[in-house]
Structure formats: C-alpha cells, structure tokens
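Undergrad: Following the hints, put chain B in place on chain A, whose structure we already have.
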Amino acid sequence: MTKRILVYDNNEVVMKNWTENLSSLQLEEIDYKPSMLENAKFNEIVTMLMQRQIELRDGNHIEFNHDIDETAIFIIDYDLFNPNSPLVATGDEMAYLVRCFSRCGLIIGVNKFTNKFDTNYFDLAFRGDLESFCDLTIGEDHLDVPGLWRETFEDFRPWHWPVLPLYYESFKEKIEEILKNPNELICNTLQINEKIQYFSNSLKDFIGNEPEKTSFLDFVFKSGNGLRGRFEGFPEELSARIAASRISKWFEFKVLTGQNIFVDAPHLASRFPSLFSGERERSESWNELTSFDYDKLPLDKEKIDRYRFSNTHWLSRPCWFWEDLSNNTEISEVINPWDREENLFYFCEDSSEFYKKEECIEFNIDSESPYKRRYVIQKLFDDVNYQPAVRLLKK
Amino acid sequence: MTYDEIKCFKTLCRILISLEEFSRDSWNTLMENPIEEYELAIENIKVLNDMRYPLQSERLKEQAHSKTESPFISLNRPWYYLPPIIGDDRQFIPILYLDFDVRTEPHIISYRISMLSLYEPKLKWNPKGIGFRFEISHDNSSHAYCHAQITTDTLGWGKPLHSSLSWIPEQTPCFPLPAKCPVSLFLSLIVSMYGKRLAAKIISDVDIAKEYLEPLKNTIEILTD
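Taken in sequence, the protein lines are chains A and B. By the working numbering, the letter at position 153 of the first sequence is numbered 153, and the numbering carries on one by one without gaps. One rule links them: number in the working numbering = place in the second sequence (from 1) + 1000.
No lab work stands behind these hints: they were computed from the structure. The reader is advised that the hints may include incorrect statements.
[As the list claims (entries may be wrong)] Below, a list of computed lysine-lysine pairs in the BS3-like style, where the Cα atoms sit at most 25 angstroms apart:
id: 1; chain 1: B; residue 1: K1128; chain 2: B; residue 2: K1046
id: 2; chain 1: A; residue 1: K356; chain 2: B; residue 2: K1122
id: 3; chain 1: A; residue 1: K16; chain 2: A; residue 2: K33
id: 4; chain 1: A; residue 1: K213; chain 2: A; residue 2: K254
id: 5; chain 1: B; residue 1: K1124; chain 2: A; residue 2: K356
id: 6; chain 1: B; residue 1: K1061; chain 2: A; residue 2: K254
id: 7; chain 1: B; residue 1: K1122; chain 2: A; residue 2: K357
id: 8; chain 1: B; residue 1: K1180; chain 2: B; residue 2: K1010
id: 9; chain 1: A; residue 1: K3; chain 2: A; residue 2: K41
id: 10; chain 1: A; residue 1: K195; chain 2: B; residue 2: K1061
id: 11; chain 1: B; residue 1: K1180; chain 2: B; residue 2: K1196
id: 12; chain 1: B; residue 1: K1046; chain 2: A; residue 2: K303
id: 13; chain 1: A; residue 1: K357; chain 2: B; residue 2: K1128
id: 14; chain 1: B; residue 1: K1217; chain 2: B; residue 2: K1010
id: 15; chain 1: B; residue 1: K1046; chain 2: B; residue 2: K1122
id: 16; chain 1: A; residue 1: K254; chain 2: B; residue 2: K1046
id: 17; chain 1: B; residue 1: K1061; chain 2: A; residue 2: K204
id: 18; chain 1: B; residue 1: K1046; chain 2: A; residue 2: K195
id: 19; chain 1: B; residue 1: K1217; chain 2: B; residue 2: K1180
id: 20; chain 1: A; residue 1: K222; chain 2: A; residue 2: K180
id: 21; chain 1: A; residue 1: K379; chain 2: A; residue 2: K116
id: 22; chain 1: B; residue 1: K1201; chain 2: B; residue 2: K1007
id: 23; chain 1: A; residue 1: K379; chain 2: B; residue 2: K1122
id: 24; chain 1: B; residue 1: K1046; chain 2: A; residue 2: K379
id: 25; chain 1: A; residue 1: K195; chain 2: A; residue 2: K222
id: 26; chain 1: A; residue 1: K180; chain 2: A; residue 2: K213
id: 27; chain 1: A; residue 1: K379; chain 2: A; residue 2: K356
id: 28; chain 1: A; residue 1: K357; chain 2: B; residue 2: K1124
id: 29; chain 1: A; residue 1: K222; chain 2: A; residue 2: K172
id: 30; chain 1: B; residue 1: K1061; chain 2: A; residue 2: K213
id: 31; chain 1: A; residue 1: K356; chain 2: B; residue 2: K1046
id: 32; chain 1: B; residue 1: K1046; chain 2: A; residue 2: K357
The structure presented is a predicted model; accordingly, all values stated were derived computationally and were not measured.
So here's chain B without its partners, still in its complex pose:
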C-alpha cells in the first residue's frame, strides 16, 4: 500500500464517522421533534429501519480503525443512513453503499446513493426509489474521470429495484465530478446531496488535507476557505 492510499483511507473514514454522527443526530432530532414537512420522511425511515437495521457507529469505527494496514471498508448491510434531505425531495431517505478496497488491482472504489420513499402524501403506500453511482476514474475507458451515473439497482441486488425502472439508461449520461481521488469523490457526493453550506458544516470538524479539497476549489469555494 502506498502512503497516499492509507492516508486517503483514514481521511475517508474520518469523514464517514463524522457524517454518521451528524446523520444520527439529525434523524433523532426529527423523530423527537417532528415537523410537518418531514412527516413522510419520518414514516419512511421508521419502516426502513424495520427492513434494514441502521449501521451502528461502533461498528463503523471498528471497521475504520482495524484495517489501516490493509485499507478496506464496505458499507452495504447494515444500512448507512445519510442525513435528511433538505427541500422538495425530503420524503426520500438517502442510504449510502460504499466499497473502498485498494488491496487488489484494479482498486474497487465505489459509492452508491439510494433514495427511497415508501409513502406518498396522506401516507398512501407507494414504494419507489432511484440510485446514483459515484465512481473513481476508470483508466483506459471513456469514463477516465471521476463521475456519477444513475442506477436503478438501488439495493445492490444486481437488478433494477423494480421492473418499471428497467428502461432507465444507466451508462449515459456520465456526469464529470470535481474530484481526483476517493476523498474528493466522496466530498463531491456530500455536496451533491446537501449543498455546499451543509456539506461544509458536516465536515467542519474533520481533519482533511487541502490536497483533497483542491479539486473542488473552483466549484465550491466555501469548502476550500
């Protein structure tokens, strides 16, 4: 392992731990002090918690701290719930799937966000979901840049969440992202989900080297201040 890969892994883990704590606090606050605008989100996450046990922070820290000599972290079961979404899409519950494995070639560095909703207004049951893949540059391919794509495989089953989604194109478009490494890729993910101000707040206590923020410099100046 190169120094950079281990440094990258440690930084990514620090961000994941901070984000998980922020997410847990946010959801706890919403559950204990519900506001009308988040009624659907709260109903959705209650049922989703029943379906998939939320990742406990102690398990995340154990994964993060035990593998520094052999950087590898995988988050897919239990579920890593991201913080509540702000704005019109707040009924959707964002869940993070993450694979970071630099032990083999090629490296596996893949983040996927699933956005799931179970209820419609008036609490009518109508499950739906979509996902987004955030991937590192694939050398020797047309996707030789950090990018994001739509995915219908929201639960990691290797097939669309629902057959009604099978028509959705998943290779194109392939949106370029202001990222050059796994950490800046993950930061791009956070900004995509929460905007630059909230992203800055989430990572404000995390020790992140400037080199990881540099690719986002021209896009999101608040993060690099």
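This is chain A alone, in the form it adopts within the complex:
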C-alpha cells in the first residue's frame, strides 16, 4: 500500500518546488508518494485538530477520519505566518496539534533555523531541538538528500539522521509496544533502568521528576514534555503516539548523540579498531560500518553481542552499551591499550563516511559526554553552512 507524504508551506510556489524535489527521488519505488497540501485544506486540518482538542478536553469521543490520520510523513515549513489566516504561526505549533490529536506518522519540520543557519546547514552542536514536536528538523535543501530516504549514503548525509521510511516503521512498532502496556516504566523498555541514575541531570530532566519510576503514560501527562493541559479520558492510542514520538526523539537525538551511554558501529570501531573485521587499508571497507543492518556490519560481533541494545526499534541503528563493553577484557585495546593501532581513518559526521585525518576537521558538539569531539569533512561541502562555526576547531 502506498504511503502518503504530505507537504505544506503557506507559499505554494515553494511547496510545489519541495514536492517536485521529492518526486525526483522516485520514492514510489519504496511505496511512498508525496503530495501538496493546499492552503484551504491546511486551514481545514488546523480547525479540525483544534476541535478535536476541545472535544477531548471535554471527555468526548473523536473519530480519526481525515487524510492527516492516514499520512505516513508530514513535512511542514516552520514559518507559517499569514495575517489573513492566523490559525497557527509556526510549523512547531502545527506539529504539536498533529502529534497529539491525529494518527499522523512522522512529522518533519523544515527551515526552523533559516535565519541562523540558512536552508542547507549542518548543526555542529547536535542540539536535537527537543522542544519541537517534530520528529526531525531539517533545512529545505535536505528534503531531497537521497540518504534521508534510502540507506545509500553519498555526499552530504548527516550521520545522526534516521532513514525516514525505516524510522516510520519503527515508530509504528514503538506505538504497538507502548499500547500493550502503557504503564510500563520507560527505563525498563529502553533497558536503562540500572543506568539512568548515572545520566546527567539535563538528560534525565526530560523524562520527569523521577525518571526511574516514570511510565509512558506518566511522561505524557506529567513530564511537561508531553500533552499540555488537562484531559479527561484521553485516548490511550494518542498517548502512545505522543510517548513514542517524544521519547524516541530524546533517546535518538540526546542520549545516543553523546556516544557515551550507547555507542554505534562507526564510533565503536574508531575507539576499538581491533573489532573491525573489514579491510583496514580501505576507507570504503570502513564505510560499511554505517549500515543500519546489524548483519552487514564488519565487526567482531562475538566479543560484543552480549552488550547489544536489543530493543532495536527504539534506536535507528545498531548500538551497544558502551560502559559495559569498554570493560570487556577480551577486546585487545582494553587489555593491551599500548598495543592499539593508530586510526587510519576518522569518521565524519556530515558525510557518514571515513576519511584520512588530514581531510577532516574536528569540532565539539554540545554535550556533557566525554566524547564530544567529532569530525567533519568540511572542504567537500562548500554549499553547506556549518554552524555554529565557533565549534569548529582550527587546524
């Protein structure tokens, strides 16, 4: 069944341009079809969602019978200001309504940081934009980057992006899992119940006052990062969608980003090159570490399997518990640190590929993790705006 991608910008010329760019990716090959949302229809959806909000506050039942409920991916511009139709001013306001009061799949915000970063940027801080209810925030020039839609990474392709069709499928799995037991503790589901007490306060804050004891439903209604306002008998299905979206974003773009609680394949092999089972002299072989398919990763899995994060639909790529893994004395860098090989290649976060050190520039992400130093291959992507530039460390 073809999955709908709905695109909206209050400027119809821009919207048409975006939709055509998406169409050029031939997404129908993976069963996705982009279409534009006209202004009148958009206003209708806003009004309808606001009405649903009112009904639910009154404890009334609502029907999910609109196109937005059947949308897999909703792409929305940030600046929606229109004095003639002031229903919502920003894409973030709309994202909140769509997330909380519809069955829409992923919500992708576009051009939120245009004034600061332009429309084709790489955020060196790895901020994550947790305040927004969008599942991902990008620039308009990113919409037709092939690596956002398929697992073929070429040219500019930020590593922290999920592959959207895969992310959508995992989103559905997360909702299903939460619906089976909405009162399950978040930490149990994410397998971090013994670790969260050691998270920094800024990481824990998002979940709630007592993260170890917070369930998915608690998060939605009591954390301050879920539903706003008081509702009687709020549908569990919508609670599950809100929880799945918001917790995913935190887990993917804040927890994983630090690469200190979890580590993914490229960063793991960079720290422990002995685990790499590919051809050491060829960067193309190292690039195979960016596969989202665990079976394809060129790693010595026998030594690390037991540390693998097993609830895999909660992270977009294979990951391992770093602290436990880093104590495994079967790994040669752990038991014989002085015999470690120097890295021939360094992983670049902007291209999701490995390059020689002289081709890379270091930068610091905004994180409390000790692993905040990362690399980009800036010289290849002149049309990308790397910001904030102060984070780049000069050679």
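TA: Then chain B, alone, in the frame of chain A:
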C-alpha cells in the same frame, strides 16, 4: 567503625567530588578552547577516553553517599581523570586509582597516580607512563610513616606497564609526606601534582576540618591559612 574513620571517609569523598568537578571543567574548557601548549595532552586524553571510560560524577557521588555506615570507596574502573598538569609535563594525563577500606584489618588505604602519555611532539605514537603510590603508614615496618614511592604498575595490572620499566626500583626511595591520615595523605597528593596555590583553589569550597590540614602546616602554609 570509629567516628574518626567515618569523618575521614566523608571528608575524603567531599574532596574527591570537588576535585572531579574541577577536573571535568578544566578538561572541558581545554577541549572546547584548545591552546597550542596542550595539543599533546588533548590528543592523549581523547584516545585515553576511548580506552577507558571516564568516571561519571553521579557514580562517584553514589559511592560516596551510599557507604557512610561502612566506609569503602574504590576508584579504578572507570578512570578518575585528574585535572590537566601545569608546566613542562603537561602532555601526561594523570589518573587516580584509589582504595579506601576500613572495614577490615589492616585497613587498605592506597592512592596511586598514573601519568600516561601516548603521543610525542608532532603526534608520533609513543605510549609511555609511570606511576606513584601514596600510602598510609605501615606499622611495624620500615615504612611506618605516610609516604610516596614510584610504581611501574601504572594500570593496576600487578606488573610493569611495559617490560622496559622493569629495572626501576619501586621500594626505595620511600619519600616521607606531611600527612598523618588518609585525608592529609590525599591533600599531599594534590599538592604534589598541582602545587600549593592550585591545590588551595581546588579545595577552597570543601569543608575540611583543621585537624586534616595540620600536618601540612609547616610545608604548605597557604592551605592552612
């Protein structure tokens, strides 16, 4: 447990927590605003962080706060990174190993500093390291005073870090330190590593009873002012 041992443990933990925060801030500042003189140190700590996960302050506080009735703290894995060294030896990364256990006789109170360097100038890979033991008085021995000695077992493996170090004498000399208890011993360690002014700054916010500073009185007056 005697009152003094628990008081000693709590004071030591307060110092460890303050020192860890100072260290983390110092390294973060260096990583975000690198200066040329510390290029080697930064490269070294980046690779060492990969090898050994740094101790997170929440874990340290948990160890410190959970065991006051049965004082015991052990810091060896993950690594407790000390602040950057000032001066000519700044390329070396100091790491603290610590055992404080007064639950059994004899008490185990041992601090070890490992100083590790991986790169030479021009970032040539050349790992090296040396260590220093800071120990409490061993009664009924020739080392019946708080002291420091060289150690080649920098990573706590029970053997020299590298066979090339096996010739280094580890029992002699045994340097006496201005210390009489685990806290004053640890303060001596901090002064040894960072000098009296920086040591005073590191502990300036920590509540330390005068009795623990007293042994250092004639050596390092700034700490006891």
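Undergrad: If a hint holds in the structure, say so; if it doesn't, say that too.
TA: Going down the list of hints, with the structure as the test:
no. : hint                  : in the structure
1   : K1128(B) <-> K1046(B) : holds (16 angstroms)
2   : K356(A) <-> K1122(B)  : holds (17 angstroms)
3   : K16(A) <-> K33(A)     : holds (14 angstroms)
4   : K213(A) <-> K254(A)   : holds (20 angstroms)
5   : K1124(B) <-> K356(A)  : holds (16 angstroms)
6   : K1061(B) <-> K254(A)  : holds (23 angstroms)
7   : K1122(B) <-> K357(A)  : holds (14 angstroms)
8   : K1180(B) <-> K1010(B) : holds (17 angstroms)
9   : K3(A) <-> K41(A)      : holds (19 angstroms)
10  : K195(A) <-> K1061(B)  : holds (14 angstroms)
11  : K1180(B) <-> K1196(B) : holds (18 angstroms)
12  : K1046(B) <-> K303(A)  : holds (23 angstroms)
13  : K357(A) <-> K1128(B)  : holds (23 angstroms)
14  : K1217(B) <-> K1010(B) : holds (22 angstroms)
15  : K1046(B) <-> K1122(B) : holds (16 angstroms)
16  : K254(A) <-> K1046(B)  : holds (21 angstroms)
17  : K1061(B) <-> K204(A)  : holds (16 angstroms)
18  : K1046(B) <-> K195(A)  : holds (23 angstroms)
19  : K1217(B) <-> K1180(B) : holds (12 angstroms)
20  : K222(A) <-> K180(A)   : holds (20 angstroms)
21  : K379(A) <-> K116(A)   : holds (21 angstroms)
22  : K1201(B) <-> K1007(B) : holds (22 angstroms)
23  : K379(A) <-> K1122(B)  : holds (23 angstroms)
24  : K1046(B) <-> K379(A)  : holds (24 angstroms)
25  : K195(A) <-> K222(A)   : holds (22 angstroms)
26  : K180(A) <-> K213(A)   : holds (18 angstroms)
27  : K379(A) <-> K356(A)   : holds (13 angstroms)
28  : K357(A) <-> K1124(B)  : holds (14 angstroms)
29  : K222(A) <-> K172(A)   : holds (23 angstroms)
30  : K1061(B) <-> K213(A)  : holds (20 angstroms)
31  : K356(A) <-> K1046(B)  : holds (17 angstroms)
32  : K1046(B) <-> K357(A)  : holds (14 angstroms)
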